[in-house]
Structure formats: C-alpha cells, structure tokens
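The task is simple: from the sequences and hints, build the whole structure.
Chains as they are written, first to last, in the working numbering: chain A, 1 to 345; chain B, 1 to 358.
None of these hints come from the bench; they were simulated from the model.
Don't be surprised by glycine CBs; every beta carbon is placed ideally from N, CA and C.
Just to be clear, a hint being listed does not mean it is correct.
Ranges of calculated distance between the beta carbons of each label pair, as one might list FRET restraints [unchecked claim]: (1) B:A184 - A:E64: 46 to 56 Å; (2) B:T229 - A:S145: 52 to 62 Å; (3) B:A27 - A:E71: 53 to 63 Å; (4) B:T169 - A:P208: 34 to 44 Å.
Stretch by stretch, here's where chain B covers chain A in the computed footprint (C-beta under 8 Å, at least three residues) [claimed, not checked]: (5) 83–91; (6) 105–112; (7) 115–125; (8) 207–217.
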Amino acid sequence: MAGSPVLKAIDLGIGYASKKGNRVIARSLDLELQKGELVCLVGPNGVGKSTLVRTLAGVQPCLEGKVLVGEKEIHHLASLERARKIGLVLTDSVEMEGFSVFDVVALGRFPHTDWRGILDKRDHLAVWEALELVGALDLGERKLSQLSDGERQKVMIARALAQEAEMIILDEPTSFLDLLRKVEVLNILRSLAWEQNKAVLMALHEIPLSLQFADLVWLFRPGEGILAGTPEELVLSGRIVETFSSPEHVFDPLSGTYPAKATDSIPLYLKGSGPPALWTVKALERQGIFQAVEWKDDPSGVYVEVLQRKDSIEWVLSVKGEKETFISLYQLLKHLKVISSNLQA
Amino acid sequence: MGVANSRRTAKKDRVTSTPVLLMMLSAVLVLLFFLDLSTGSVSIPLNKVMIILSGGKVSNPTWGEIILNFRLPRIITAILAGGALGVSGLLMQTLFLNPLAGPFVLGINSGASLGVALVILLSGLGGFSSFAGGSGFLAQMGIVFSASLGSLIVISIILFIARRIASRTVILIIGIMFGYAVSALVSVLVHFSLAERVQAFITWSFGSFSTVSWKELQVMIPVLLFTMTLSFPLSKPLNALLLGETYAASMGVDTRAIRILVILCAAVLAATVTAFCGPVAFLGIAIPHLGRNLFRTGDHRILIPSCVLLGGSLAMLADLAAHLPGKGAVLPLNALTSMIGAPVVIWVIARYQHVGGK
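This is the structure:
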C-alpha cells in the first residue's frame, strides 16, 4: 500500500488541557493513516481511545507534537476546511426533534453549502448516495426520532459520508448496538475503505471484531503508547493477550472471552463428535469441575458419550458401570455436580 | 410504537406546507393587529381605525389620539417583544440543548431586572413616572445596556454550569434558584430605596407593553430588529448545533464564535424587552415549542421567522386579553402570559420526560 498518509501524528501528546496544567494521558505517539484502510483502535477502558480519536479529528487540542492533514497542521486548518477532510461519528445516539433522516444527513453538507444551507442538485445527490452506501435509502423520509439506535448510527455515518471527506473517524460508534448491528456497521465501514478508498479509523471495544475486520490494528497499551500491526501479527506476538489479560483472567483473542481456568479439575472421558461434543466441552469448561479428556479405559472414571439422535441429542453418563441417559445438558451438568461432591467426599 | 404506526404519523406530518403556514400566521398577525387596535376601554370601529392609520381625519379627534399615541406604540411593542422573546427562547433552547430553556425560566430576566434595578433605584435615572416619561435617550440606552449586561452575566454563568452538569432538570432548577437569588438582591435594593422609585420599579416588574411610547420605540425598534435579523444567518450553524458541540465542530462550525454570537443575540433580545416591558413571563419558552409543533420541524431557518410571527401574535393576544375587562381596567400582563405559557411548559415536561435525566 504505497502513497503518503492522509493523516499523520508526530510525537503527539494527548490529554486534557486546563488552567492548572495539562493532564497528559499519552505522549510520543507517531501514527499514520492511509487511504483505503480500515484501522481499528483497541485498548483497555480508560486508556485514552476517545481522547486520541478526538484529537486526531481536530475537535480536541493536541498537548504536544502535532497532527498533520496532508501537509498542514490540523489546528491551522479553518474549521470548514477541516470538515472537508475529516468526518466524525461519536458514540451516543442523538436526538433531533422534527428532523427527517434526509435533513440530518444533509447537515453533513455543511462545509459545502452557502450561509443559508440551501441544497443544490449535487448536495441532494451526495445525501442520497451516502444513505445508499450505509443501506438506509428507505429511511430517508422517516423522522430521526422514529428510528432504532442501530438505524440512527447508520444515519450518523451517512451524515459523515455526505461531508465527502477523505477520512472518517469514529469513536466507538457501535457501543449501544447488538452484535448483528455491529457487524453490519463494520461491513459498511470496511467497504467504505476498500471501495470508496477512504481512510477509516475506528475506536472499537470488541477485540474479536477488530481482529476480524481491521486492515490494521492500533493497540493502545497503558503507559506505552500504540503498537500498530495486522491483527494476526499482534496476536502472534502475544501483545494482544498481554494487554487484555490479568493474572486471574487470561484473554482468548479467538473467542474474545476469558475462559475458565481448568486447574484442579477432574478428568472426564468424552466420546462424540461435531458441534454436540464441542458444546459439551464448552459447558464443562464453564462449569469448571470436570475437564473433558480423550476416551480411555479407567474403571473408576467418569464417562460421557454424546449421541446425535434424529432431532435430539442424548448424553449417556456412566460412572462405575452405572449408566444414565440425559436429554438435557442442564440436567447432566446438575448431576455431574452431585457426582463431583460425592467423589470429593 | 410499532413501525406501521410510526409510518402513519410520518405521513400525517405533512398536512400543510411551510410557506402556506407562514402566510396564514402572517394573516393572523395582521388580523390581531387591527382587532387589538380597535378594542380597549373605548371601542373604535375597524373602518375608523383604517382611516386613522392611513392619515385621514375622523369625527372624534380623541380616537385619533388614542390610536396613534396609545394603542399603536403599545401594539408595535407587543409584536416586537413577543417576536424577540420567541427568538431568544429558541436560541437558548438550542444553545443549552434543553427544551426547557428560556429567558424567564433560566433567570435571564432576573439578571436584566437586577441591572435595571441598579440603574433605576440607585441612580434614579429616568425620573420614572412610567419608567418611560421624561428620561433622556442616554438614560434609556443606559437601562438597555445594564439590562443586557445583567442578563449576559446570568446566561454566561448558567452556561458555565451547564457545561459541567449534564442533567437538564438540574440546570433548570439552578436557573430558577438563580432567579430567586437575584430577586433577593433586588428586594434588598428595593428595601433601601425611595418610595416613588420603588413604586415605579414594582409597576415595571408586573410587565406591560403600554409603558412604551414612540420615544422608547426609537431605541427598541432598531435594537430588536437588528438583533433578530442578525440571528437569522445563525440558522445553519444552529441546526448543526442540535447534534451537540462536538458534531457541530466536526462539520465545520466555529463553535466558539457561534456560541458567543448566539449568547449575545439571546441576551440582547431578552434584555431589551425586559428593560422596556418588564419581565414578561413564559412567552420565551413557550413560543419555540408552538413553532416546532405547528411546523413539525426543528429547522431554524423556518423556526426563527415562525417564532417572530407566533411571538407577535401571542403577545398581542395577551395584550387583547389584558384589556378585555374594559372601562380602563387592565389586567397585569404577566398574569396572562403565564396563563398561556405555563400549560405549554407543563406539556413540554410531560412530553420530554425521557430526556429529563440526561
């Protein structure tokens, strides 16, 4: 991916300026944003993702160093000029009483229209195109107040697109959306980067999603600054796991969860295949008493065979030759709990 | 609300087009104008009113005197004051992103009152038979200036607090408390002032359009017209500000400059009206809501002119009602504007319940 970056941070220090003195959250950040790439900014809560995103978008001052848009420093740009370069989408869902979706997206034309904000043919076209890109063409006539959170966030992205900026910067825009809406939004953003050749930077809470979608991940580590790399590199180097783990809870980047540790668990001999067996293993992991191991002969062992019937699943439990069949995983887990307390007694 | 249901309301939204509504409102304004001119302690027939206005002579010379020197300035004052308060309320509601903001509820009037009280009660400026009579141009400008300064200080303090406290309801309560605190200062001033000045101040504080004569209008008309005209080009950034300051900034609004301009316009409008007519209750908060509901829009390019028209009409309506008892008896203006405004405020609180906590 050649070409010069559209946005560049040089020795940047971010934080909050106040009269009593600046509170710097992170310093010496050197970053580059390229066209045609979706960059996800991840990091633990409170590390300063929002602050960084707002500073790069030019709505919060840089405390040290500088941010360059093309050749110019971002804070030397007139606000209208900046708006033609960078579109911003924030976390919270907004309310605009009495405005239609079209009107809201048309606000994105702000840096392109005259003082009255009259829309000409080109502006209309840009608004409808933006709505089409986020898959919200049918929402245009609706009132914003009638939309769901997911729809509203799409509208806010369309508004940023209507600005026709080469960069779009988003501050956790999917926080209040369910998983399906999150994936929808990420797909939209990725196609914006890949097909519209925009530079897209997005602060994101969900690590698995950023690993799935990002061309480049910016891993914001407390006290250390930012590590940039492809998702896979960052996983392979162990830095992702390191950043999101604590001594008690080890992060699993694939599932994006913190699996229960199997330390003093009892072996359980499991037979079965496919998803039923897989999810049985997961259920045992969650319960944390038994650990599924490969089937072998052990007269005092606990055995579970998972059988896939026509439209049901059966679990056959055998302990010391006694067999019992369960048709619900819940019942099986309950029974296993009883067995474990007998074994320990 | 189901999807089908909300679609239906969306269709119902477009009953009458905006230009037609604006024309109808203008017609109502003109109608009320003539109605208000012809009614009062002396009833003057409409055709005679027309003759007098067009410069003709009528059989009864006192009618001409009544229309030209009493009712006309009073009604022009009402139209201007109502429009100015409406626009001021609209600006404040957008500035604070709070549907309950307005000159009266946020204590902006109280700030103006304090300014006026300081000038009138301490300096005795404007010897003040009506707060109008006799005082020179400079004295009047001094009063407008001090009222503006007072309201500017209050609006700045409230805005300063609003940037730290997110809850709209809390801001509202702070505004009301601020109003009380300022009123307390005013009452201390009143306590130590000369009786005749106090009487004038109390009359002023009831609110009235009739204390304004042509002489005061020479100051009031240009100041209000200029400020209202100035606020219209703010429509575009004001629309963007409805999304919040960060969004507005990201779309190219110079939020700092715009905020200062909006505060200045809102304060000067509210303060000038307050200086001349006294603290007029509730019109400022109620008018923008009526406008939004009538025009079914939040677009300031439509709302600013509609607030001017609605404000003018409502103020005349209140003025008409104030003169209804006849025989020279006039009801206090604030009693009537409160009767119009308070229900609107209650309706707004009930309607915006869900945003109350934010």
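Could you check the hint for me, namely that A184 of chain B and E64 of chain A are 46 to 56 Å apart, CB to CB?
holds, 48 Å
Do three or more residues from the stretch 83–91 of chain A put their C-beta atoms closer than 8 Å to C-beta atoms of chain B?
Coverage by chain B holds for the stretch 83–91 of chain A (6 residues, Cβ < 8 Å).
Regarding T229 of chain B and S145 of chain A, is the given constraint of 52 to 62 Å on their beta-carbon distance met?
Check failed, 31 Å falls outside 52 to 62 Å.
Tell me if chain B covers the stretch 115–125 of chain A under the three-residue, 8 Å CB rule, please?
holds (count 3)
Falls inside 53 to 63 Å, the C-beta gap from A27 of chain B to E71 of chain A?
At roughly 57 Å between Cβ atoms, E71 of chain A and A27 of chain B fall inside 53 to 63 Å, so the hint holds.
Does the stretch 105–112 of chain A contain three or more residues whose Cβ lies closer than 8 Å to a Cβ of chain B?
holds (count 4)
Quick check: does the Cβ-Cβ distance between T169 of chain B and P208 of chain A fall within 34 to 44 Å?
holds, 40 Å
Verdict on chain B covering the stretch 207–217 of chain A, where coverage means 3 or more residues with a C-beta closer than 8 Å
violated (count 0)
The structure fails to meet hints 2 and 8 from the earlier list, while all remaining hints are met.
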